[in-house]
Amino acid sequence: MSKLNLTDLIDKAQEFGAEDVEFYYEISEDNSIEVYEGEVESLESAHSKGLGIRVFVEGKMGFAYTTNFNDGVIEKVIKEAIANAKIAVEDEHRTLANGDYDYKELDIYNPQFSESSVEDKIDLILKMEKAALEYSDKIESVISAGYGDNISEITIANSKGLNQSYKSNTCYAYLYVMASEGEEKQTASALSYGRSLDDVAPVQTGEEAAENAIKLLGGKQVNSQEAPVIFTPEVGSMFLYLLASALTAEAVQKGRSLFVDKLNEVVAANKVNIIDDGTLEAGLATAPFDDEGVPCAPTNIIEDGVLKNYLYDIYTANKDKVESTGNAQRSYRGIPNVAPSNFYLAAGEEKPVDIIGGVENGFYVHKVIGLFSGSNTISGDFSVGATGQWIENGEIKQAVSEVTIAGNLIDFLKDIEELGDDLKFNPMVGSFGSPTFKVKKLAISGS
Amino acid sequence: MLSDKLIKQILQVALEGGGDFAEIYFEDSISNAMTLENSRIERVKTGYDLGVGVRVLTGDKVSYAYTDDLTKESLLQVAKVAGAASRGSSKASVMDLTKGTVNLIHPIKVRPEEIEKAKKAAIMERANKAALDYDDSIRQVMVSYFDTTQKVMIANSEGLYVEDERIHTRMMVRAVASDGKSMQTGSEGPGLHMGFELFDKYPPEEIGREAARQAVTMLKADPAPSGKIPVVINNGFGGVLFHEACGHGMEADAIQKNSSVFAGKVGEQVASKLVTAVDDGTVLNAWGSYGVDDEGHQVQRNVLIKDGILQDYMYDLKAARKEGRVSTGSGRRESYQSIPIPRMTNTFIEKGESKPEEIIAAVDNGLYAKKLSGGQVETATGEFIFTVAEGYLIKNGKLAEPVKGASLIGRGIDVLNKIVMIGDDLELAPGMCGKAGQSIPAAVGQPTLLVEEITVGGTERGES
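Protein sequence lines, in the order shown, are assigned to chains E and V.
Following full-length UniProt numbering, the numbering of the first sequence begins with 1 at its first residue and continues without gaps.
Following full-length UniProt numbering, the numbering of the second sequence begins with 1 at its first residue and continues without gaps.
Check before you lean on any hint, since a few could be wrong.
These stretches of chain V come out as covered by chain E in the derived footprint (C-beta under 8 Å, 3 or more residues) [to be verified]:
id : region
1  : 48-55
2  : 116-122
3  : 403-417
Just the calculated beta-carbon pair ranges, DEER-fashion [what the hints assert, rightly or not]:
id : chain 1 : residue 1 : chain 2 : residue 2 : range
4  : E       : D123      : V       : L104      : 41 to 49 Å
5  : V       : G100      : E       : E184      : 41 to 49 Å
6  : V       : D4        : E       : V73       : 41 to 49 Å
7  : V       : E165      : E       : H93       : 36 to 44 Å
8  : E       : E181      : V       : Q269      : 35 to 43 Å
Treat the hints as calculated values from the structure; they're not laboratory data.
In this text, a Cβ means the ideal position worked out from N, Cα and C, and glycines have one as well.
Produce the complete structure using the sequences and hints provided.
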């Protein structure tokens, strides 16, 4: 693939009238495969690249991107970015990363990966599909079973002297299954990922999806009541996603967060620790530096129940006169935003079975729907559709469906009573992790 | 664009792996976007997307490769990769290309590139001012504007060659109101398959005021009750419930995988007799309309349900080939980076005979969902949850106080069967529809209608 000379392009942009310039260049190679009923249904493969250009003219920022690298196009795109800057309002807080940083060495690129064969990848999904179908007669079908991988190289260069790049790769396999009993149907999905094909566990993943769909069959509504609720790591990680959106400095500065003015205050139970760590090698959002070139690092957001920090990129950090936490995120198609990297609720010491065993009468949630549309991250109120199992005297009694659970996120955090030892990341929604945990009480509405 | 000779060559190379159908999708798009926040224009962006995808079908298997490098060598390499992955044994050949035309042109009066950036910014400022001036309780206003001009060319080994252009313009306003104790938001975001003339139809001040009105109204709202009650769903965006909880289940890929409650039910009663529902990409200048779909098939009107009886599903080429029938013109893709799959265009429940006020008057004790916001649906089972952004109690046939935090939960097919009144006020509303990681413009719609019972999950406490 052709290499762009970004240093020359910086000079060119300055000639055209930009005071400061930043290029974000992404080259990637993607493959995906889907199988259905033992046959390959689709195979996709792509090589692509894109260049995002940020320019500053009189303190005003403009942006443009292109996937078109024909002669003369980059010059046109730079000029368009400059024209866009002229429309924007001046903003002293918009600055670029300064050239000199030390980055942590991370093992996120497997150079052997590109030699993996298509046959091995296909074989892996076929095994996964088969494992799910053979798990039980109740598995009616595997609606989709797929595999994907990506190798990418990100380069950031700016007029402050930064010029850095890194390579990384990931691969994953997922499936979505349907179980049925009579007229009733339930679905579940599972996913496995890593940086080499050996990291992906097809049989285990196939069985996990099958088991999860089957255990939700026969679900009934329960009476409306307040009761303890236990969250699985999968559902827990969805709540972490929601919390993260309110813990970015952007949300806080714009008054769109329940955590406004809560720094150094108790916002959760003493045992609650929430961390963002862009250097966690096992995570999917891991890199030596963020999308502005600032080093990634672990950041304690909630420590022993106390709110310690927010997530920052350069822009929001300038506004609060603090340092960026290395949480700028973007693709070549956009301007950086603050976003979580690997964001998780730290594990406790209890076994999940013991947490369930200690509940007299409560709800074990396996799936939620409508969490994002049903939540207000300003007031903290949430209401979501939930499917799961009812616990009576420490034992799972029966499946529950078509109920909603509602509460307030602060009460929710303060009412976390028990934390499991089973921290798990859920890459379906980004890179959010959670162990099994129990909340003292939430409002459940059913019949 | 590419020369006929090169297109033929690419298609030929693509078929060398033994596939029985090859297709090229060429895309050249320009998008403009800007946001306004705290009365300041920020984030002014322009994007150029150019690329080519090559698809090969072998029976019902698909292989696909794309590139943004339009040199001849690179294009032939992409064709080779897609062809090699097809692993077929067919000896299909490439027919001569016949230049086809788009039958339905959606007229564009003012193309986005004819309008200066400053003029687009001025429209945003007008909406911003109208929202701020609406009431003292309005604290923040966010306005976003975007337009896209997408040119596509589709050619295939059966000799099809067609070009289409889709222009979309949209502005969204979000207003935040606060009374010192709580904050509420309201939003409004019209968009159409047209150019800057959008704002003749939707003056920016009206868009701003409508967003502000919702936010201010919801400040006075009480927590919603919960339970099974009659619900009147307003026209326009209320149709998102049908789109999500039923429409996706009528897309042929879900049907063929038997992962839909509508599978095998053509000719059967699946809804109340009052319900006729269509997916109609021919509605002039509607948000989800086009000339040809992303496989080059002319857009058409597809009746999904007639008088409560399921008529047909929505097909792309691949799903249609599987059943030996023709596509319904429903093959869409987000960009050259994606394969086409069956999708909706403008999907709506047809108008009925009742007046909206008669519908409200028919309810003793229920909920009026004036505006739904987002939701989520499990397509395989039709289970859904939607949040009511603006809701009111209905008491003795009259609208009563506003309520907040209500969510509607249930199953699509149950709701269809419980529709007991349909209004005469059909309206469409724009949305971005996501499926298989691809996001495309699709309109939803319906008239005001009454569902005799839906489970409402409220936030009112101490209920049992």
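Hints versus structure:
1. By the rule of at least three residues with a Cβ nearer than 8 Å to a Cβ of chain E, the coverage given for the region 48-55 of chain V holds, with 4 such residues.
2. With 3 residues bearing a CB less than 8 Å from a CB of chain E, the region 116-122 of chain V meets the requirement of three and the coverage assertion stands.
3. Look at the region 403-417 of chain V against chain E: 4 of its residues bring a Cβ nearer than 8 Å to a Cβ of that chain, three or more, so the hint holds.
4. As the Cβ distance of D123 (chain E) to L104 (chain V) is approximately 46 Å, the hint placing it in 41 to 49 Å holds.
5. Evaluation of the 41 to 49 Å hint for G100 (chain V) and E184 (chain E) yields a pass: the beta carbon distance comes to about 47 Å.
6. Separated by about 24 Å at the C-beta atoms, D4 (chain V) and V73 (chain E) break the suggested range of 41 to 49 Å.
7. One distance hint, 36 to 44 Å for the beta-carbon pair E165 (chain V) and H93 (chain E), holds here, with the actual separation near 40 Å.
8. As the Cβ distance of E181 (chain E) to Q269 (chain V) is approximately 25 Å, the hint placing it in 35 to 43 Å is violated.
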